[in-house]
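Input sequences plus hints: build the corresponding full structure.
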Amino acid sequence: MVAAIPPVSAGLLLDLVDSVRRVPTGRSVSIDFGTCDRDAALELISAWCLSSGNEIVKTEGSAVTVLHGRSPDPLAGLDPDQLPGSRVWVYTNFDCNLACDYCCVRSSPKAERRAIGADRLRQIATEAAAAEVTELILTGGEPFLLNDLDELVKTCTDKLPTTLLTNGMLFRGSRLERLRRMDRSRLTLQISLDSATPDIHDSHRGAGSWVKAVAGIRTAHDEGFRVKVAATLPADQMHELEPFHGFLDTLGIVRHDQVIRALAHRGVAETGIELTVDSLIPEVTITADGVYWHPVAADHDDQFVTRDIFPLADAIAEITRQFMEHRRSANAIAEWFPCA
Amino acid sequence: MNAPLTIGSVAYSPNVVPIWEGMRDYFAETSTPIDFLLFSNYASLVDALIAGTVDLAWNTNLAWVRTVAQTDGACRALASRDTDLVFQTVFVARTGSGFTGLASLRGRRLVLGSRDSAQAAILPLHFLREAGLNETDVALTRINSDVGKHGDTGRSELDALRAVLDDRADAAAIGINTWQAIGRGELLPGAFESFWASPEYSHCTFTAMPALSIDRSDEWTANLLAMDWENPQHRPILEMEGLRAWVPPKLDGYAGLVEAVREQKIPDRW
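Protein chains in written order, with the working numbering: chain A, 15 to 354; chain B, 298 to 567.
Just so you know, not all the hints are guaranteed correct.
[To be verified] Okay, the calculated bits of chain B under chain A, using three or more residues with CB under 8 angstroms as the criterion:
#1 442-453
#2 457-469
[To be verified] One-sided excerpt, in silico: chain B residues whose CB lies under 7 angstroms from chain A:
#3 L335
#4 G393
#5 T397
#6 A478
#7 I479
#8 G480
#9 G482
#10 L535
Treat the hints as calculated values from the structure; they're not laboratory data.
Even for Gly, the Cβ is constructed at its ideal location relative to N, Cα and C.
Dropping the structure here:
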């Protein structure tokens, strides 16, 4: 004989009101509905929260955590360009002419290409524009290894302002011709350079690479492109930047186009800062394999979001949803620990 | 720069500190800055107001009536919440209990909230008397929790509803705010229904003594009434305190309570 499930009781409603009243707005309480019918209990608690201006923040078994009041907008306080989907990163390919010892996605001449392809990139650009994305950022691997890069870039710049990340070492021959066909009014080149002198840069990226990168910066400038320079430095060197900035000034790179970022412990990097989904503001990143949380981990399962790139708006919405959940959890943790 | 006015309030809810800190921040930007003192009960708050320890008291309706009685009417009511002008007592029972009005309580069991709660004890007896019932016509149970806070915590009213659910009473008298808090019987239609609601009466009000000049209290009241529900800085404070707008008080809304206090010989120090 199966025991009957007791229906939801009005006592639960009274307990709910009583418990929530006992904590200040912004705090949470846990209510256990015991052996009551689960669906009916959750329906009652949800309806009460809706009518009383409170919020269910978690349901686990028969315990429901209710926030007194409404939670603040978890995205409040972010700059507009930090909102998920304000920019979309695309890995055009993963193969590279270099094998940097800190590459976050393990690119090298031996890496599989895993190209995004013209058709997918066109659809990404089209859907990104429709989804109110403000900028596309193309990266790799080394995008200039692709023989159709000028066409790929055009599909992007036709729709949105675009930034193309490169090591700047391949601006010769047919590749230079491809560069020249790109839309200077809509495209920014971001070239990697790690130091003011060759030693540090070459120690990570290979002998002779610094000279070629600096030459690439000058070529890009000469061709009329806006050039940003991005350096990747160990966190303990982030305080010794002025000589480097001074050198970039001499190359004609304006200060707000001098991007210095800390080395991340990702890919083949043996050290660096740890970046996890719950500590990292997402930047929607698309590869041939699907959608990732952030470009720094576009080769790592822990930041894989979905295989479905399209509809792109859905992928952006999913990352936004997960981000809001992380922010709420972080707020909840902040709520609990100060009293401990 | 004027010295801050000291506002006295009873700590009836865990939200009291954020409410008054929010009010203090708001008034800091006005011509009438404030600070606040918290009390554990309304008797002490009224004492402090009369003694001049605080300039203004955030009084319940009973505390206002007791202040009027103790000052021979010298005190002034300055402002209330919009929700204070339309307060009601609601009589509720389990759905299908067969109550049709106060008269049908004759011979039945009624549970009241704290003895110092105007909405859940003092006025319900007054309404029964007006309906021709005295305390011997109805089997009364009182749930005296949080005495001293004039029913502000609402705990005795929730306990009264539990008494109805547990069949320790047939009906309960509660404030409209508690009735609203449990969804007015609409969330669980088979659980509770209301069978009588009182006329609207006045509840809380800011109270001042003559020692506070009219000019100063008028200036403070004008600043209070300027709080705006549409202002995102003001709204969280108003939401926590349960109002959309501060309004001038409605003094004739206290007449029923004055009469009830007289009828029931309510002590001065409740």
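Verification of the supplied hints:
no., hint, in the structure
1, 442-453, "holds (count 3)"
2, 457-469, "holds (count 3)"
3, L335, "violated, 14 angstroms"
4, G393, "violated, 13 angstroms"
5, T397, "violated, 22 angstroms"
6, A478, "holds, 5 angstroms"
7, I479, "holds, 6 angstroms"
8, G480, "holds, 5 angstroms"
9, G482, "violated, 10 angstroms"
10, L535, "violated, 12 angstroms"
Of the numbered hints listed earlier, those contradicted by the structure are 3, 4, 5, 9 and 10.
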